[in-house]
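Asker: Build out the structure end to end from the sequences listed, making use of the hints.
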Amino acid sequence: MLDIETIRAFLEVAKTENVSIAAKNMSVTQSALSQRIRSLEQTLGQSVFTRRYGGLELNGFGNEFLSACQNVQHDIAVLDDWINRQKNLVTGHIKIATISSMIGHVLPKFLKTFLAKYPSVRFTIDNSTSKYIEEGVHDGNYDIGMIVGECKMNSLKSLKILDNRVYMVCAKDYPLAKAKKLTRANLQKSRLIWHSEKTSRTVTQIWRKLGLQSIEELGGLYLSDMESCKNYALQGLGVAFVADEHMRAELANGKLVILGKFLTDKPITMISRNDKYQSFLIKTFKEEFIQYCKTRKV
Numbered sequence: 051m052l053d054i055e056t057i058r059a060f061l062e063v064a065k066t067e068n069v070s071i072a073a074k075n076m077s078v079t080q081s082a083l084s085q086r087i088r089s090l091e092q093t094l095g096q097s098v099f100t101r102r103y104g105g106l107e108l109n110g111f112g113n114e115f116l117s118a119c120q121n122v123q124h125d126i127a128v129l130d131d132w133i134n135r136q137k138n139l140v141t142g143h144i145k146i147a148t149i150s151s152m153i154g155h156v157l158p159k160f161l162k163t164f165l166a167k168y169p170s171v172r173f174t175i176d177n178s179t180s181k182y183i184e185e186g187v188h189d190g191n192y193d194i195g196m197i198v199g200e201c202k203m204n205s206l207k208s209l210k211i212l213d214n215r216v217y218m219v220c221a222k223d224y225p226l227a228k229a230k231k232l233t234r235a236n237l238q239k240s241r242l243i244w245h246s247e248k249t250s251r252t253v254t255q256i257w258r259k260l261g262l263q264s265i266e267e268l269g270g271l272y273l274s275d276m277e278s279c280k281n282y283a284l285q286g287l288g289v290a291f292v293a294d295e296h297m298r299a300e301l302a303n304g305k306l307v308i309l310g311k312f313l314t315d316k317p318i319t320m321i322s323r324n325d326k327y328q329s330f331l332i333k334t335f336k337e338e339f340i341q342y343c344k345t346r347k348v
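First residue of the sequence shown: 51, per this note's numbering; consecutive thereafter.
No more than 20 angstroms apart at the CA atoms, straight line, and that leaves these computed lysine to any residue pairs for SDA-like: (1) Lys311 / Thr233; (2) Lys181 / Leu209; (3) Lys65 / Thr174; (4) Lys305 / Ala227; (5) Lys145 / Tyr182; (6) Lys145 / Arg323; (7) Lys239 / Ala227; (8) Lys336 / Leu157; (9) Lys162 / Cys343; (10) Lys207 / Asn324; (11) Lys222 / Glu277; (12) Lys336 / Leu161.
Here are the computed distance ranges between Cβ atoms for each label pair: (13) Met203 / Lys305: 34 to 40 angstroms; (14) Glu55 / Gly286: 55 to 61 angstroms; (15) Gln285 / Gln85: 56 to 62 angstroms; (16) Ser84 / Lys159: 42 to 48 angstroms; (17) Lys228 / Ile340: 36 to 42 angstroms.
If you're looking for bench data, these hints aren't it; they were derived computationally from the structure. Quick reminder that beta carbons are idealized off the backbone N, C-alpha and C, glycines included.
Answerer: As structure tokens, then:
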């Protein structure tokens, strides 16, 4: 007879195609996992894997068995979730993929509150770009995604949760902070600090309106991430292009000054799969996070 642990072992080996890696992921010895797979094949009366150099791969029968095991895994998850609903118990594992501004500024404060309320929940949080986050949620690699702008996949559920405006800012004691108006003349005297090609394109459009050919005319610092842009601006090294989610505290305490109107306005959007059945855990997380975003402070 098959048991749940054997099915989970098979699914992990099928996923990794490597007994050693699967054993490490399951916190068991390689020999114990190998024995479990051999016992499984004996029970089934035939092999499910083809052995090859460097690992394993499913054979034809193995792929059919994989589909059946995945159905069993889903049914068990549904049953577990039903039990949790009856107990009003929030527990389990949530996989999140998000952009850098959320992982560094919004999620830490929220998770501190959430985990104090639901200490049994585990999280895996990855930092990525909006494009790969959408693909990861669509493929089932993540339960929740947080992206910039609108979701491009109609098959996913999406909800705007936060504004995400990019401003031109400088330190309070930087010369341009006292300027009454942004002009070509005073911008030419400033050092620009920016990141990403999208920001470069936006800035270039603004410069052309001011009669400047490109941002290269002004010179500046091209950095790898927006957090660095903020920190360089705080040191008085120039005028930076930073999203408000990265600098809420610095704007509130007056260490950074906004120069002019916002340059871009692309909201932060939360996405998830459009499953008919959504676990109690994921539903609870989304409800709590939406409420947090509505009421949060700096």
